[in-house]
Structures are given as C-alpha cells and as structure tokens.
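Participant: We have chain D already, so just place chain R with the ligands on it with the hints.
Protein chains: 2
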Amino acid sequence: METMTNAITIEKSKTSKIHDVDFENLSFGSTYTDHMLVCDYVDGAWQTPKIIPYQPITLEPSAKIFHYGQSIFEGMKAYKDEAGKAWLFRPLENHKRLNKSAERLAIPELPESFFIEGLTTLLQLEKDWIPETPGSSLYIRPFILASGTGFHASPADAYKFIIACAPSGSYFSGKVRVLIEEKYSRSANGGVGYAKAGGNYAGQFYPTQLAIEKGYNQVIWTDDNNHEYIEEAGAMNIFARINDTLITGPTSDRILDGITRKSILEIAKDEGIDTEVRNITVNEVVQAAKDGTLKEMFGAGTAAVISPIAGFGYKGVDYDLPELSESYATRLKKRITDIQYNRAEDKFGWRYEV
Amino acid sequence: METMTNAITIEKSKTSKIHDVDFENLSFGSTYTDHMLVCDYVDGAWQTPKIIPYQPITLEPSAKIFHYGQSIFEGMKAYKDEAGKAWLFRPLENHKRLNKSAERLAIPELPESFFIEGLTTLLQLEKDWIPETPGSSLYIRPFILASGTGFHASPADAYKFIIACAPSGSYFSGKVRVLIEEKYSRSANGGVGYAKAGGNYAGQFYPTQLAIEKGYNQVIWTDDNNHEYIEEAGAMNIFARINDTLITGPTSDRILDGITRKSILEIAKDEGIDTEVRNITVNEVVQAAKDGTLKEMFGAGTAAVISPIAGFGYKGVDYDLPELSESYATRLKKRITDIQYNRAEDKFGWRYEV
Ligand SMILES: Cc1ncc(COP(=O)(O)O)c(C=O)c1O
Ligand SMILES: Cc1ncc(COP(=O)(O)O)c(C=O)c1O
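From first to last, the protein sequence lines are chains D and R. Taking our numbering, the leading residue of the first sequence gets 560, the next gets one more, and so forth. Taking our numbering, the leading residue of the second sequence gets 560, the next gets one more, and so forth.
Hints are not guaranteed to be accurate.
Pairs count within a copy or across copies, as identical chains cannot be separated in the list.
List of simulated lysine-lysine pairs, BS3-like, C-alpha gap at most 27 Å [unchecked claim]: (1) 734 to 874; (2) 874 to 659; (3) 609 to 573; (4) 893 to 644; (5) 742 to 655; (6) 659 to 773; (7) 636 to 734; (8) 573 to 821; (9) 892 to 636.
Calculated directly from the structure, the hints in this document are not laboratory data.
If we strip away everything but chain D, and leave its shape as in the complex, we get:
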C-alpha cells in the first residue's frame, strides 16, 4: 500500500464562520466548514495532502473537468454521539468505491491512507461543526476533478482530490412521491452508472424537473432497454416490500452499489425480515399496488438515509401506498441510525471513530 511520505500540513483559517450558522435550521449541503483538504495529482503521483481554509478553486479554462466531465465523488456523514464523540460509517467502503469510480473514469486511484488520514485529520479539526441536533450530521464530500488541460477528449494528466464538509439537516422533508420513468434513462449497459461519476447526475436533472412539474419529488429510474425493471431513485437505491418480503434489485453496471443498501440488507436479515435481491419489474409493483400486497417502498442512501415513498405515478395513473403503523422503513431507519449515532451496539463493526 502506498503511503504518504510527509505528514499532512495544516493551514488554519484566521477566523471561524461557525457562529454564523443556525444549527437548529440546517438545510442540506449549502453551508461549508472552515477548512478543506486538497491533494494534487501531478507528475504521475498523488502529492502530500494539505488542509487549508475553505476557499475558491482556480483552474485553467481548458481544465478537462469543464469540458469532458472527468470527475467522481463520494458522499459520507460524520455523526456526533451524546458524549460528543464523532463517528463515521463504513468509510473504507467509500474509499473502495471511489477507486472503482476512478478506474472507470480513467482517474488515478487514490491510496487508502491518503483518503482515511486526510479525512480523519480534517474531521478532527472540524469536530465542532458536527451538529448535535437530532437528524442532523456533517455531510462530507470527497471528490476528484480533472485539473489537467487540453481541448482533446483524453484523460487529464493532473487531478485534484478535495474533501469539503457541510453541516446538514435532512435531504427530503417528509415522504416523497415518485414517478416511474418511461422515457428517459440514467445509465447504459456497459456505461458508468455504477460509478459515482459527476455526469450521471447532471443527466438526471431534466427528467427530474419534468417529474417535479407534474407534482412528484423524484424519478424512479428503469432500465434503458424496455423500462421494464425498477432500478434506482435519484441518489438512492430502491426497496419494495411486497407482502412481508423486502426486495431490492441486484447491483449491475447500471446501478450504484450503495453502502446504505447493503447495510440495510444485512440489518433486515438480522431482524428476521425476508429479503430478496432480484430484478423487480414495474408490472409487478403496479400489480402489487393494485391488489394491496405492495406494503411500502423506500429509497436508501447516505444523504437521505431511508426515504419512505408515499406513492408513485406510472403511465398517467397514481398509486398511493398505505400508511403503516409498523413499517420496515421506520424499523430499519432506527436500527441504522442507532448504529451511526452510537446509540446502540454495533455488532457489524461498521462504526469508525474519528
């Protein structure tokens, strides 16, 4: 394993913005902490990371990020427990996925030590920024962008790895209504859908806007071939409960291998819930909604945690899901957040102290 040759340098900001922040009323991802981590890839190697005051980035107009979308990112959270200790959730999984994304986007892989030491050093400095308000956390955004230049569609020769943090409240307010997509797609077979590549998200904006105009919050993506299978919901993996079985689609090159998804699957099994990982057809979900066997659906992802779905639209018809007093969504969300916030035993070994 490649390790850093020098210690991370820290340049502290002269003043703090923390007292301007209303921690009781945090939006999602729009307030940033005092510092950020920056690590440059030049001359064929990742250089020693540095922590500097949060500040603008300056790039050449010909930087490849602007032209060819060569960028990847991760999304993580830091949680504070009642004793004031800070925790991460399965951070090594984020590092592994960052490198999977890097390979597909022809970006040089980042050594594990750069990621983990960079992250923990930054978080130790920003610890006071981790909210204590229930349901809030410090959203962490590690990302890599192509800073190398040239109007030539080929990989850049220079990159920047950056970690920025934003104290955040909840991603969605309340339950969401979703539209099952019949026309647009988010990813191709053999494409980059399984990577957290920037371009995957911009492509979702327009179809999502159309859905919002029709009164939905989010699109449920289906396969691009026949729009036959339920695949993902924006930046969330998707689960359906039919009767008492919890079902989610298998990962593939079209679907992001979500850390929340796989944790939820493990917790559900631990809870004695029947789970199935298999293709879910749109028809099956519509049929189950009609005959009342579709008990619930929810999205799962780091940002939104578990986001219950109130109903869905398909081919101009709206289907409402029942209000359950004992939903899997509520039960699983409690289990996972109890682990994340160190309120319960972590038999899986997922918590990681900062």
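Facilitator: The following block gives chain R with the ligands in isolation, referenced to the frame of chain D:
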C-alpha cells in the same frame, strides 16, 4: 429573440503570446489565444458578455460542475483563406445544438445573439491567431459550466458561458485503426448521448485506453443493448462504404447529430454518390470486410474533419481495409475543406464570414 442590452465590453491583454507560438508545428487544442469571452448567468438571466485576457477561472469548491458534471460544449473552427479573410462553417448549427444540449442538461438556453455576436467579436480580436498553415485552423471551444453551488443533486442557479480558442493542427496523424466495442457503451436509450454533455466524454476514456493498449486508436461505439449496431467513433460520426454506397447510421437519442456528418451527406448527394441513412450492423460490416465489398470507412467531425480508417478489430480478429486510389474520404474531404477555407464556391450557403 432575446438580445443583449449592452455592447460587449473588451478588456485587452497587455501583452500577446502569439510570437511564442510555432504555427508550423501546432498540436491540437493545447495552445490558447490571448483573450476569451465570458458571460455569466445569474439572477435568472444571461448578463452582457465580456472579453477579457485569457486567464484562470475561480469557482467555489461546491460549484455543481465539480460534483454533478453539469456542463455542455461545442467545437467549431475558424479558417483563413488566401486573401486573409476569416470564415466559420455553419455556426448557427452549433448554436442550435448548444441549446439542444442545454435543454437536456437543465442549463438555461443561450440567446442566439449572445452566441454569434460573442463569437464574432472575439474572433475579430483574435484574427491573427487563425493559422495560415495548410490543414491548420483556429479551434473554437464554446462551453457552459454550472458555477452555482450546493451538495444537492439539482440544477445550479448560476452558469458561465465561455469561448476559448486554440490554434490547432490535425487531430489524428494519419489513418486510424479502430476497435468495435463489445462490452462498454457511451450512451443509453433515453440518455444524454445526443447532447454534447461533458460526462459523455469522460465515460469513453477508460474503454478507449483499453483499446489503445491493444494497439487501436479509437473505439467504435455500438448500441448498449446487444452491441449490434455501429454508432459512433469517439468524437466522430461514422460512415461505411459498401460497394459504392455510402452509409451512416440515423441520429437518435444515443448519437450526436454531427454538423460534419450532415454536410458530408449533402455533399455526397451533390457528387452523385449513393447514400443511405440506416442502421449499420456490426455483422454486415464484418461480412463486407470479409467478402471485399467494404471499400472504406471513415469518421467525420469538426476536430478530425474526415478521418479514414485503416482497419478494425472485432472479437479478436483484425480486418484491414483496402488502400483506394479514389476514395470517397479524399473526395469528400477536399469538397468540404474547399468550402471551409473559401477555395471553392459554396452552393449550400454554409460559409459565414467573421
Ligand atoms: C445513484 C445513487 N444510488 C444510490 C446511492 C446510495 O449510495 P450510498 O448508500 O452509498 O450513499 C447514491 C448516493 O450515494 C447514488 O448517488
Ligand atoms: C460524440 C460526437 N460525435 C460526433 C461529433 C461530430 O460532430 P461535428 O461534426 O458537429 O463536429 C462530435 C464532435 O463534435 C462528437 O463529440
């Protein structure tokens, strides 16, 4: 049509870099001129463009371009004729396509006058940068990036439209060998393949690198469903000549509607060449290569103009294309470049004086 309320402001650079440039040995897209055009979209409107010295761009770390790949671009060229006059080729088509891309990427459309007046004002200032060396031209890169901020996967509220220019030689040196792709894909049905969206290009880098390692220059993209149809070649549309018929695939939501492609189709018809716009299967091309009816293949695009293909690989077998003394590629390239460089009559009305 929305028009600018104020004239474009010009801030001239104090010194010029033009004397450092070796115009006889230009690479592609790696030397930039003295000025660039910048136009900001803020508060719901495109502001008056300004021309400023070519310089770095400064953005917040949370700018959406870095996280969600919200960017689009165009590629154009300015040509100088023997009398020293400067010409563009069908620039209104580039503007139209920029706005088609903008719609799909949820970017506000740019009024035509901003594009055309911005472009011509900049080019008048940079006229000396248009190379006179045969085969060289001034490559022009108009692009829009999301400068608005937020770690929330939704469209930005601010954008930058920029035009930068690079005096350039040829994109490929000589004929190219291509690999017909069997695994990876560049675009989905219902996706963003028809748009010049940044993310489409980064997704091509890794499969193209794999092809380069195997000794090819470029990938021929096939449909993501069964890899059955020949679709595009990197940043070029693709043509095949079987017997004496020139064939290219139809445009679709997976394929960029190339300006070179459609111009070549018109010129070919004018030349009395039989043309067909229809799906081309991989099998058909392999079969035609085997029985000798595949006379030639070439890529067509602004950057590479017409790029003849020397041979292709498919399922581990290499197929060579014959050396023709009278190829369509040579004939059509001469016709189109004669129009572009004002060396011949332009019966189509495609030339546009700067
Ligand atoms: C497309 C997509 N699917 C699913 C997820 C959920 O993944 P995770 O649970 O690792 O956050 C995300 C968000 O990270 C995503 O962007
Ligand atoms: C994917 C793709 N296909 C085809 C083309 C050719 O289009 P045009 O002839 O308009 O340059 C380009 C380049 O612009 C491209 O990026």
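Participant: Hint by hint, say whether it matches the structure.
Facilitator: Here is what the structure says about each hint:
When the C-alpha separation of residue 734 and residue 874 is checked against a cutoff of 27 Å, the pair qualifies only within one copy, where the shortest distance is 21 Å, while the shortest distance between copies is 49 Å. With identical chains, the CA atoms of residue 874 and residue 659 are at most 27 Å apart between copies only, with a shortest distance of 26 Å across copies and 36 Å within one. Taking the shortest Cα distances, residue 609 and residue 573 sit within 27 Å of each other inside one copy (16 Å), while across copies they are farther apart (35 Å). Proximity of residue 893 to residue 644 under the C-alpha cut-off of 27 Å is restricted to the intra-copy arrangement: shortest distance 19 Å within a copy versus 71 Å between copies.
In this assembly of identical chains, residue 742 and residue 655 lie within 27 Å of each other by CA distance solely across copies; the values are 23 Å between and 33 Å within a copy. Taking identical chains as interchangeable, the C-alpha atoms of residue 659 and residue 773 lie at most 27 Å apart only when they sit on different chains, with a minimum of 22 Å there against 36 Å within one chain. When the C-alpha separation of residue 636 and residue 734 is checked against a cutoff of 27 Å, the pair qualifies only within one copy, where the shortest distance is 21 Å, while the shortest distance between copies is 51 Å. In this assembly of identical chains, the alpha carbons of residue 573 and residue 821 never lie at most 27 Å apart, being 42 Å within a copy and 58 Å across copies at closest.
Taking the shortest alpha-carbon separations for residue 892 and residue 636, only the intra-copy value of 15 Å comes in at or below 27 Å, while the best inter-copy value is 55 Å.
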